[in-house]
Amino acid sequence: MSLADSDRELITTELGREPTAAEAALFENLWSEHCAYRSSRPLLGAFDSEGEQVVIGPGDDAAVVALPDPETGEPGETYVTLGIESHNHPSYVDPFDGAATGVGGIVRDTLSMGAYPIALTDSLYFGPFAEDHPKYLFEGVVEGISHYGNAIGVPTVGGSVDFHPDYEGNPLVNVACVGLLPADRLVTAVAQKPGNKLVLVGNATGRDGLGGASFASEDLAEDAETEDRPAVQVGDPYAEKLLIEANEVLVEEGLIESARDLGAAGLGGASSELVAKGGLGAEIELEAVHQREPEMNALEILLAESQERMCYEVAPENVERVEAVAARFDLGASVIGEVTEGNYRCTFEGETVVDVDAEFLGDGAPMNDLPAEEPAVPDTELPDPDLEESFEAVVSSPNTASKEWVYRQYDHEVGVRTSVKPGDDAAVVAIREAAGLGDDALSEDAEGIGLAISAGGAPNWTASDPEAGARAIAVENATNLAAKGARPLAAVDCLNGGNPEKPDVYGGFSAAVSGLAEACADLSVPVVGGNVSLYNDSATGPIPPTPTLAMVGTKRGYEAPPLSASPEGDLLLVGDRPDRLGGSEYLARFGGSDRFPALPDDPAGFVDSLAAVADHPATLATHDVSHGGLAVSLAEMVTDEAGLEVSLSGDPAAALFAEGAGRVLVQTTDPDAVREAFAGIAPVARIGEGTDDGVLRVDVGETDLTYDAAGIRERRSTIAAELE
Amino acid sequence: MTVAVVRFGGSNCDRDAARALSYLGIENEVVWHEDGLSEDVMGVVLPGGFSYGDYLRAGAMAARSPIMREVREAADAGVPVLGICNGAQIGCESGLTPGAFTTNESARFQCEPVHLRVERADTPWTARYEAGDVLEIPIAHGEGRYEIREDRLAELEADDRVLFRYCTPEGEVAPSSNPNGSRGAVAGVLGERETVAVLMPHPERATLPSVGTTDGGGILRGFA
Chain A
1 MSLADSDREL ITTELGREPT AAEAALFENL WSEHCAYRSS RPLLGAFDSE GEQVVIGPGD
61 DAAVVALPDP ETGEPGETYV TLGIESHNHP SYVDPFDGAA TGVGGIVRDT LSMGAYPIAL
121 TDSLYFGPFA EDHPKYLFEG VVEGISHYGN AIGVPTVGGS VDFHPDYEGN PLVNVACVGL
181 LPADRLVTAV AQKPGNKLVL VGNATGRDGL GGASFASEDL AEDAETEDRP AVQVGDPYAE
241 KLLIEANEVL VEEGLIESAR DLGAAGLGGA SSELVAKGGL GAEIELEAVH QREPEMNALE
301 ILLAESQERM CYEVAPENVE RVEAVAARFD LGASVIGEVT EGNYRCTFEG ETVVDVDAEF
361 LGDGAPMNDL PAEEPAVPDT ELPDPDLEES FEAVVSSPNT ASKEWVYRQY DHEVGVRTSV
421 KPGDDAAVVA IREAAGLGDD ALSEDAEGIG LAISAGGAPN WTASDPEAGA RAIAVENATN
481 LAAKGARPLA AVDCLNGGNP EKPDVYGGFS AAVSGLAEAC ADLSVPVVGG NVSLYNDSAT
541 GPIPPTPTLA MVGTKRGYEA PPLSASPEGD LLLVGDRPDR LGGSEYLARF GGSDRFPALP
601 DDPAGFVDSL AAVADHPATL ATHDVSHGGL AVSLAEMVTD EAGLEVSLSG DPAAALFAEG
661 AGRVLVQTTD PDAVREAFAG IAPVARIGEG TDDGVLRVDV GETDLTYDAA GIRERRSTIA
721 AELE
Chain B
1001 MTVAVVRFGG SNCDRDAARA LSYLGIENEV VWHEDGLSED VMGVVLPGGF SYGDYLRAGA
1061 MAARSPIMRE VREAADAGVP VLGICNGAQI GCESGLTPGA FTTNESARFQ CEPVHLRVER
1121 ADTPWTARYE AGDVLEIPIA HGEGRYEIRE DRLAELEADD RVLFRYCTPE GEVAPSSNPN
1181 GSRGAVAGVL GERETVAVLM PHPERATLPS VGTTDGGGIL RGFA
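Protein sequence lines correspond, in order, to chains A and B.
Here the first sequence stands for residues 1 to 724, where the numbers follow my numbering.
Here the second sequence stands for residues 1001 to 1224, where the numbers follow my numbering.
In short, the hints are calculated from the structure, not lab data.
Yeah, the Cβ is synthetic: ideal placement off N, Cα and C, and Gly gets one too.
Please note that the accuracy of each hint is not assured.
Said to hold, decoys possible - If you anchor each label on the Cβ, the simulated ranges turn out as follows: (1) D602(A) with S1176(B): 21 to 27 Å; (2) A1131(B) with D670(A): 41 to 47 Å; (3) T706(A) with G1095(B): 53 to 59 Å; (4) A315(A) with P1066(B): 47 to 53 Å.
Claimed, not checked - If you only want the chain B side, here are some residues facing chain A, beta carbon under 7 Å, derived: (5) F1050; (6) F1109; (7) Q1110; (8) Y1129; (9) A1131; (10) R1205; (11) S1210; (12) V1211; (13) G1222.
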């Protein structure tokens, strides 16, 4: 890909001359879809990103949100950062390194806000599990995340894995990171003052990942695996870990004026964006960059996407100390130039290779106004398979089966914060610092904030109905948090789509964006940041519109009711009975189509009441009902120690397999308290009770479904059985 | 008079070990490997992580770093030394403890709860337990399979230096309860002195009540 003619004309007019080769390459990358959101920015205005808890919204490396003070509930002095990033094309070309460097990138986005990374989630999307190539990509991606995330000591606490035929030629890897910082440590990517030095800290720069941003902004070619390999970077988690610790010291000692990590478009991207945000310029000597390879030229130094590098703005008197800290952690550091009031200028061996206005470079890309075709409403054509066969097919589908094979390879406990572990509706990590006792380990005895984290998408839903499916994704993630007693605080999204120049693809993408934005607004969850990845299109066609949402919520303390059933207590289903099967795993297995089920009228009320019910002392277990419907949720609750005896009325297929979001199973010894909590908000139906025999019995229509815990375990172990 | 938690480049369980020790009321400090041990150090933790990226063999580089000479001297002088996970690999690589830890039978990283049987209770690390007790403590490693020559293992067993073995929740040592294929189901061993021990599971992750079981606290109390 090269600079489009229309862009070149605009740039030539603005500069009053032809751009140099280095400038043209810089514009090509920074004005690419990946960096400039040219096709999506017109849609992103739909998101509400405001809230009293929001400290820094969209536009910086990561968003910053204040946690509530445990005593008052008001925004307090402990902040979390939220960021999400896609690494889709690299993960197709080289699944191990592509996914690994995706983790590295989002962690550095966290560092550049002055935060310490405390949790990661990964939402992964592949072609059919039964086929070899998607399976190879899946294994490679999981191994890459495991390799990188485990080594840097950041726990991977959640995420999602979905398989769908339309990801066959274009898998998705969406990585989210949560960081933690006290308010007084906040650093931004806004350059502060002319005369301050720009210091590059971290790995030496080599010729890797050249043109990654523009590579990410076009369809994947059939020969991408061989042709585009040089555009994929190779990660070094050891260097990243050293960078995390060096950054910690630099921030703690107050040595950093502003910071930006080097990601897409390398040094050129990071340094120009940093000064553009401050309305300033820079003077950079490219030969000052510490390099790994001999005889690199200006363009390579400017655009290489070598990993594990940060660009810091440092006051002149602190430069020596910054260099000393870097040296202590065996990291390279080079003073590459300084902040100025003029243009963004780069010289190489005395010659000026870039001389442009930083704001024009960062924000001057014209937006695309693309034609959109509204998605069609699906017809209703339902299959009629045997109920028992359906139950087993849906419960053992790779989409709904146990993901233990995946999360067992991730260190999900390092940091000793993970109180609710992967495999549950949401992870909960302990933020003891929020209790106001700082780093005092004895704050274990105080009640800090439990930060619940849920991340995921639902390709079946958004493929069936982009708008309603995206709404359901928001409601489902919020339900996951509330089921563990947390109230939503904020969310970030990763919006993945196909080639936006195709009107049907852009129409579906637009519908998904608007559904997600509306539902988050209905839930009063500010969407504080995100990432857009378009051109996920290949010879096998576009991906379904795929919004991944990573939502966090808070509760006082760290405990939550389990997902697993108890031998005693009533089983209640809260929420409307959906009568539509659109977007369900059932239809994905057996064919057919239907409209997407209706969603709760008052999702915010539902979520708020659920959070209260989850922490009620009579509550024994809570579990969200979503992917795979009630069938899968019930199966997941049964253990060797506790079974469930359930009776369902109405159409058996809809009762078991419909996937309307905003529903939850609550097991309790005080059903009236649950009815009271949801009065006027959502219907509550008693559908069964716990048993002590570890057997699931479901009486539905004319059929009795009976499976013991071992039988369910075996059916749910589809992924492990295939890959071990 | 504090316990030193030694941080190498790439250590990542140093803060966790420090937090768990503090929770137990054991004074401690994280010590950067280049800074060396203080003369009156009263204990040493070699924490988990990926020292030097584990780019050679796990623990091999750290084992050759200058601070390990000081750790050995302290150990020889009777100072308690505990290696956890990567610290256990460093302990074996440096010869503080016998045997070696290598790639899991599954050839994959495994993060999961396991059960350990306490093989002897008359060491500082197990004095809070009875022999035969079963502890639930998580593992998180890709290279935790204990390997040693059969005859050397027999010697170790004869000398009663196997501290923990992987077992079922009921305390039975069975192939199904061995998560990584360790020879003899060994999860932890003693050095020449019983004040020196290494284990692959993470006791610091099983100490704080908010994040799981507290079965591992007794091991860390070996420093008290």
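Task: Proposed interface contact between R1205(B) and chain A, which counts if any beta carbon pair is under 7 Å - done: For R1205(B), the interface hint holds, since the closest Cβ of chain A sits about 5 Å away, which is under 7 Å.
Task: Per-residue hint verdict: F1050(B), partner chain A, C-beta under 7 Å - done: holds (4 Å)
TODO: Can you let me know if the beta-carbon spacing of A315(A) and P1066(B) is within 47 to 53 Å?
DONE: violated (35 Å)
Task: Whether the CB-CB distance between D602(A) and S1176(B) falls inside 21 to 27 Å - done: violated (49 Å)
TODO: Mind checking the CB of Y1129(B) against every CB in chain A and telling me if the closest is under 7 Å?
DONE: violated (21 Å)
- [ ] Answer holds if the nearest beta-carbon of chain A is closer than 7 Å to that of Q1110(B); otherwise answer violated.
- [x] Constraint on Q1110(B) satisfied, holds at 6 Å.
Open item on the list: Verify the CB-CB distance for A1131(B) and D670(A) against the hinted window 41 to 47 Å.
Closed with: holds (45 Å)
Open item on the list: Does the closest beta carbon of chain A sit nearer than 7 Å to the beta carbon of G1222(B)?
Closed with: Violated, about 18 Å.
- [ ] Using 7 Å as the Cβ threshold, decide whether A1131(B) counts as touching chain A.
- [x] violated (28 Å)
Open item on the list: Restraint: F1109(B) near chain A, CB-CB cut 7 Å. Satisfied or not?
Closed with: holds (5 Å)
Open item on the list: For the restraint on S1210(B), tell me whether the closest CB of chain A is nearer than 7 Å.
Closed with: Cβ of S1210(B) sits 5 Å from chain A, so the hint holds.
Open item on the list: If I claimed the Cβ atoms of T706(A) and G1095(B) lie 53 to 59 Å apart, would that claim hold in this structure?
Closed with: Once the Cβ atoms are compared, 58 Å apart, the range 53 to 59 Å for G1095(B) and T706(A) holds.
Consistency note: the structure conflicts with the earlier hints numbered 1, 4, 8, 9, 13.
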